[in-house]
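Chemist: Counting with the working numbering, you get residues 49 to 385 for the letters of the sequence shown.
Derived by calculation from the structure, the hints in this document are not laboratory data.
Any given hint could turn out to be false.
Taking lysine to aspartate or glutamate and the EDC-like style, the derived pairs with C-alpha atoms no more than 16 Å apart in a straight line are [said to hold, decoys possible]:
hint : residue 1 : residue 2
1    : Lys160    : Asp230
2    : Lys310    : Asp222
3    : Lys189    : Asp383
4    : Lys269    : Asp357
5    : Lys338    : Glu246
6    : Lys189    : Asp340
7    : Lys251    : Asp340
8    : Lys251    : Glu75
9    : Lys189    : Glu75
10   : Lys189    : Glu382
11   : Lys338    : Asp222
12   : Lys310    : Asp383
13   : Lys271    : Asp293
14   : Lys189    : Asp137
15   : Lys191    : Asp230
16   : Lys363    : Glu75
17   : Lys363    : Glu166
18   : Lys251    : Glu382
19   : Lys269    : Asp293
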Amino acid sequence: RDDLLEGLGNVRPLADGVYFARDLVNEPSNVLTTSEFARRLVALSDLGVDVQVYEEDELEKLGMRTLLAVGQGSPSPSKMVVLHWRGSDESVPPVALIGKGVVFDTGGISMKPARGMENMTMDMAGAGAVAGVMRSLALRKSKAHVVGLVGLVENMPDGDAVRPGDVVRSMKGDTVEIVNTDAEGRLVLADLLWYAAERFQPKALVNLATLTGAIVAALGKHKAGLFCNDDALAKALTSAASSEDEGLWRMPLGAEYAEQLKSRVADLKNSGTQGGGAVAAAEFLRRFVKDDIPWAHLDIAGVATVNSDTKLTPKGATGWGVLSLDRWIADTYEDQS
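My request is simple: use the sequences and hints to build the entire structure.
Modeler: Shown next, in the form of structure tokens:
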């Protein structure tokens, strides 16, 4: 692999970022624990990325109780890692990338069927993609101001695990009735989205997550789902993905889907029951995005891995999103001076 990378020249930083993301996603969960994942991200500081790791006590002080709820049944500690690349004037707000980093997902108390559960080692592919982008930006000395945030948790079903029917308060202050503990990724992202807006006031906010099986039912293994509150951002992301041959398809948003999330005992519940699950999940996330921030949610559940070798990707993790997001940042936000 090193010989191959040496011959790539200016493409090497991108290939390195893709490999980094793939290697993270392909790791078994007994190796890539939340602590080991954080350690590998801290190593990006050698490339000039400022890395901050927030432990559970710090997350509690921040009010990130929906994120913490997901991991409370696991001995592996929940963490947030903030990756900051200062490639341009810091007085200009950054672009923010957010990744779901569930290092293993049993479904919690709402446990998944045994068949195929071994594939849930890849439920951190959104965080892996963010890590890969940040590595690529640093290696090629990107002239952009970018911050990446990942939430690292493990969703396990022990006696301390969150239960269906529990109500938790998010960092935003909204209460969430957890009716399905296997709809956990949105709980992680909710607090990260709010934190990113509060701390960084980003000019654009993009999150990636292996969020729903419903997006696989809709789009198969060929395209990721794009949910977006801003037409210009949606167009730019779609163009970047097309340029890099990474399939992306815009999906709807709408109040009729958000209606599914009404709760009898809280401000909202974390899962609907009337179909359109990928859209309802996006509407859940949208509630934690400030209205004045262009935001996109990329549901990569269908494209994060492939079941057999392709022309460019061996069976396993694809690193989907690294190339598209790097291209989007380069085309839209880099200081060309």
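Chemist: Would the pair lysine 189 and aspartate 383 pass a check requiring their Cα atoms to be no farther apart than 16 Å?
Modeler: Given pair lysine 189, aspartate 383 holds - Cα atoms ~11 Å apart, limit 16 Å.
Chemist: Verify the proposed pairing of lysine 269 with aspartate 357, using a straight-line Cα cut of 16 Å.
Modeler: Roughly 13 Å between the alpha carbons, so the hint for lysine 269 and aspartate 357 holds.
Chemist: Within 16 Å, alpha carbon to alpha carbon, are lysine 338 and aspartate 222?
Modeler: Status holds; Cα separation ~13 Å.
Chemist: Does aspartate 230 sit within 16 Å of lysine 191, going by the straight-line distance between their CA atoms?
Modeler: violated, 39 Å
Chemist: Taking only the CA atoms, is the gap from lysine 160 to aspartate 230 under or equal to 16 Å?
Modeler: With a Cα-Cα distance of about 8 Å, the restraint between lysine 160 and aspartate 230 holds, given a limit of 16 Å.
Chemist: Is lysine 251 within 16 Å of aspartate 340, Cα to Cα?
Modeler: holds, 9 Å
Chemist: Given the proposed pairing of lysine 271 with aspartate 293, does the C-alpha separation stay at or below 16 Å?
Modeler: Holds: lysine 271 and aspartate 293 sit about 10 Å apart, inside 16 Å.
Chemist: Assess, step by step, whether the Cα of lysine 269 is no farther than 16 Å from the Cα of aspartate 293, and give holds or violated.
Modeler: holds, 14 Å
Chemist: Are the Cα atoms of lysine 189 and aspartate 137 separated by 16 Å or less?
Modeler: holds, 14 Å
Chemist: Would you mind confirming whether the straight-line C-alpha gap from lysine 338 to glutamate 246 stays at or under 16 Å?
Modeler: Holds, because 9 Å separates the two Cα atoms, which is no more than 16 Å.
Chemist: Given the hint that lysine 189 pairs with glutamate 382, test it: the Cα-Cα distance must not exceed 16 Å.
Modeler: holds, 11 Å
Chemist: Please verify whether lysine 189 and aspartate 340 have alpha carbons no more than 16 Å apart.
Modeler: Cα-Cα ~29 Å, so violated.
When the structure is compared with the earlier hints, violations turn up for hints 6, 8, 9, 12 and 15 and for no others.
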